[in-house]
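With these hints in hand, go ahead and build the complete structure from the sequences.
If you read the protein sequences in the order shown, they are chains A and B. Each residue of the first sequence is one higher than the one before, starting from 1 at the first, in the working numbering. Each residue of the second sequence is one higher than the one before, starting from 1 at the first, in the working numbering.
Hints are not guaranteed to be accurate.
Pair by pair, the computed Cβ-Cβ distance ranges are [as the list claims (entries may be wrong)]:
no., chain 1, residue 1, chain 2, residue 2, range
1, A, Asn52, B, Glu17, 43 to 51 Å
2, A, Gly16, B, Glu17, 45 to 53 Å
3, B, Ser30, A, Gly16, 39 to 47 Å
4, B, Tyr98, A, Ser66, 18 to 26 Å
5, B, Glu15, A, Asn52, 43 to 51 Å
6, B, Thr77, A, Gly3, 28 to 36 Å
Coverage of chain B stretches by chain A, computed from C-beta distances (three or more under 8 Å per stretch; other residues unrestricted) [stated by the list, open to error]:
no., segment
7, 40-49
8, 100-111
With the Cβ distance kept under 10 Å, some of the chain A side facing chain B (calculated, not the full set) [as the list claims (entries may be wrong)]:
no., residue
9, Tyr35
10, Gly42
11, Glu44
12, Phe45
13, Gln50
14, Asp56
15, Ser58
16, Leu60
17, Gln83
18, Val89
19, Ala93
20, Val101
21, Phe104
22, Ala106
23, Gly107
24, Arg109
Rather than coming from a laboratory, the hints here were simulated on the basis of the structure. Glycine included, each C-beta is placed from N, C-alpha and C at the ideal position.
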Amino acid sequence: GAGVSQSPSNKVTEKGKDVELRCDPISGHTALYWYRQSLGQGLEFLIYFQGNSAPDKSGLPSDRFSAERTGGSVSTLTIQRTQQEDSAVYLCASSSSGANVLTFGAGSRLTVL
Amino acid sequence: TQLLEQSPQFLSIQEGENLTVYCNSSSVFSSLQWYRQEPGEGPVLLVTVVTGGEVKKLKRLTFQFGDARKDSSLHITAAQPGDTGLYLCAGRTSGGSYIPTFGRGTSLIVHP
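Given below as structure tokens:
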């Protein structure tokens with residue numbers, strides 16, 4: 001597509017439920033990043049994909065968080081047994097191989113009640 | 001500990017004023033970028049600087065990379081309401097990391 005597409009744009013869930021957030025990167029972009037943005041906290045790195053592999057998932061805050069990427073394209077970030085502190089905007093970005101420019105999606109705003 | 005410290009955290013000014021925001025670190029960066037983020041949107045790249053002492057201009061915005069490649073500044077001349085947004089700096093360390101580290105940002109409001 002023309003840009004990075006994320007869905008849903010907004011998600012409200014109850015504590016303890018599982019959620020899935022989707023990212024559709026720019027076609028042909030091999031690198032894909034997930035960041036989390038909480039109020040006043042800037043962007044917190046979660047995980048980086050190169051193709052379908054995740055060479056760096058050091059930013060995932062707990063084992064409740066997981067992500068996968070299939071076909072070198074779409075990625076899904078899954079949060080199990082959501083907690084109130086998981087409330088944030090989850091941003092996805094992609095870039096072409098070797099490039100230094102990240103193109104971000106508009107984000108998925110998650111609210112855990 | 002935040003790898004990249006941005007200051008000020010908040011800035012509220014009148015149209016026509018000048019301003020400078022700063023991005024500082026104790027680490028050396030192979031490259032540093034500035035992004036602007038508007039409400040409900042993702043960050044959008046403004047500029048990339050890679051050489052110590054480098055200065056780049058983008059209309060009324062002037063970006064400078066420190067000589068030691070540890071800090072950067074963004075200067076806006078004659079600010080306009082359209083400049084309102086969150087300004088984020090992001091750096092990649094000299095180890096060749098593919099993952100940029102972001103500062104917390106400077107939230108700028110320009111009043112008409």
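Legend entry - chain B contact restraint for A/Gln83 - C-beta distance below 10 Å: 22 Å, violated
Legend entry - Status of the hint placing A/Leu60 at chain B (closest C-beta pair under 10 Å): Violated. Min distance 13 Å.
Inset, instruction - Return the status of the interface hint for A/Ala93: holds when the least beta-carbon distance to chain B is below 10 Å, violated otherwise. - result: 7 Å, holds
Inset, instruction - Return holds or violated for the Cβ distance of A/Asn52 and B/Glu17 against the range 43 to 51 Å. - result: 49 Å, holds
Legend entry - Pairwise beta carbon distance, B/Tyr98 to A/Ser66, judged against the given window 18 to 26 Å: 21 Å, holds
Legend entry - Distance restraint hint 43 to 51 Å, applied to the beta-carbon atoms of B/Glu15 and A/Asn52: Since B/Glu15 and A/Asn52 have Cβ atoms about 49 Å apart, the given range 43 to 51 Å holds.
Inset, instruction - Go ahead and decide if the range 28 to 36 Å is satisfied by the Cβ distance of B/Thr77 to A/Gly3. - result: 30 Å, holds
Inset, instruction - Using Cβ atoms only, decide whether A/Val101 comes closer than 10 Å to chain B, and label the hint accordingly. - result: Given a least distance of 6 Å, the restraint on A/Val101 holds.
Inset, instruction - Confirm or reject the coverage of the segment 100-111 of chain B by chain A under the rule of 3 or more residues with a beta carbon closer than 8 Å to the chain's beta carbons. - result: The restraint on the segment 100-111 of chain B holds, since 6 of its residues have a Cβ under 8 Å from chain A and three suffice.
Inset, instruction - With a cut-off of 10 Å on the beta carbons, see whether A/Phe104 makes it to chain B. - result: OK, holds: A/Phe104 within 10 Å of chain B, min 3 Å.
Inset, instruction - Verify the interface restraint on A/Gln50: the C-beta must sit less than 10 Å from at least one C-beta of chain B. - result: With Cβ-Cβ at 8 Å, under 10 Å, it holds.
Inset, instruction - Let me know if the C-beta of A/Gly42 comes in closer than 10 Å to any C-beta of chain B, holds or violated. - result: 4 Å, holds
Consistency with the previously given hints fails for numbers 16, 17, ordered from lowest to highest.
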